[in-house]
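Participant: Each chain, written out:
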Amino acid sequence: MLQYQPPPLDALFQALADPARRAMVERLTAGPASVSQLAAPLPMSLTAAAQHLAVLEAAGLVTSAKVGRVRTCTLDTAALSQAEQWINARRMAVGAQLDRLGDYLAATKPDDEP
Amino acid sequence: MTQRSVTHATFCVERVFDCPPARLWRAFADPAEKVRWACHDQWRMEEMTFAVGGREVAGGRDPGGPFWRFDGTYLDIAEGERFCLAYTMSRDDVRVSASMITWEVFADPAGARLTFTDQGAYLDGHADPAEREAGSGAGLDNLAALLAAEPGAA
Chain H
1 MLQYQPPPLD
11 ALFQALADPA
21 RRAMVERLTA
31 GPASVSQLAA
41 PLPMSLTAAA
51 QHLAVLEAAG
61 LVTSAKVGRV
71 RTCTLDTAAL
81 SQAEQWINAR
91 RMAVGAQLDR
101 LGDYLAATKP
111 DDEP
Chain W
1001 MTQRSVTHAT
1011 FCVERVFDCP
1021 PARLWRAFAD
1031 PAEKVRWACH
1041 DQWRMEEMTF
1051 AVGGREVAGG
1061 RDPGGPFWRF
1071 DGTYLDIAEG
1081 ERFCLAYTMS
1091 RDDVRVSASM
1101 ITWEVFADPA
1111 GARLTFTDQG
1121 AYLDGHADPA
1131 EREAGSGAGL
1141 DNLAALLAAE
1151 PGAA
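Going down the list, the sequences are from chains H and W.
Sequential numbering of the first sequence, starting at 1, is according to my numbering.
Sequential numbering of the second sequence, starting at 1001, is according to my numbering.
Mixed in with the good hints there might be a few duds.
[Claimed, not checked] Partial list, computed: chain H residues near chain W (C-beta under 10 Å): (1) 70; (2) 71; (3) 72; (4) 98; (5) 104; (6) 105; (7) 109.
[As the list claims (entries may be wrong)] Not the full set, but computed from the structure, chain H residues with beta-carbon under 7 Å of chain W: (8) 65; (9) 67; (10) 69.
[Stated by the list, open to error] Pairwise CB distance ranges, derived in the manner of DEER restraints: (11) 1015(W) x 46(H): 31 to 39 Å; (12) 1052(W) x 74(H): 48 to 56 Å; (13) 69(H) x 1059(W): 49 to 57 Å; (14) 43(H) x 1035(W): 45 to 53 Å.
In case anyone wonders, no lab produced these hints; they're calculated from the structure.
Quick caveat: nothing in here was measured; it's all calculated off a predicted structure.
Just so you know, even glycine gets a beta-carbon here, dropped at the ideal spot from N, CA and C.
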């Protein structure tokens, strides 16, 4: 019986070790995008961008589908394990806490400080 | 039935604040100060003794959700510079992680730089809708940073 196998972490980490690929993932957190949209902000050719996307796809982070002449890429959130989601939630909680710390430090700043 | 499992992971957060390092340190070391920024309506400090061996216990309930408890012990304090805190996080009295946090404060041209490093053992999966909800949506924004983060990066 076939069961869902999460992509191996090695491939996931390797895929995210490259700044261009991380930029693509960050872009895709905002929603699906075409290959050319993903390539546009990056200092590389469309071909090179497509190769980076292939690595992300192989790692299970991104899925893509061609509609007409446009290939649209989507972040595959299933690649995130429960633990990663939990860690991410903790990370966000720490970030929110530090936002409050920043507000607090600003609010309690002595008047004689610049 | 509980399927036993452990996932180890480390994540880091770094922030620069526009204040002297000593001021930043006080916001962590003085319980009266800490509750003013670390707590909110849904998160209350129950105990805090900022000393090696001292405890920090805090908890809160998501609206309509589970009760979360942070139960920590200070392992090391280097006054003004660094402290380590071992803690467990529980959801409705079930421990979901056992971790150690290292907070470090550095002088920075812009004020004070704070680094947070969390080295955790995440217990027994947590395949539960509560986490899925907590980790979804905007949480993905930090995906790349989460997986790529290394101490000293940035």
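Participant: Now tell me, hint by hint, if it's right for this structure.
Facilitator: Tested hints:
no.	hint	result
1	70	violated (23 Å)
2	71	violated (21 Å)
3	72	violated (18 Å)
4	98	holds (5 Å)
5	104	holds (4 Å)
6	105	holds (5 Å)
7	109	holds (7 Å)
8	65	violated (20 Å)
9	67	violated (23 Å)
10	69	violated (28 Å)
11	1015(W) x 46(H): 31 to 39 Å	holds (37 Å)
12	1052(W) x 74(H): 48 to 56 Å	holds (49 Å)
13	69(H) x 1059(W): 49 to 57 Å	holds (55 Å)
14	43(H) x 1035(W): 45 to 53 Å	holds (48 Å)
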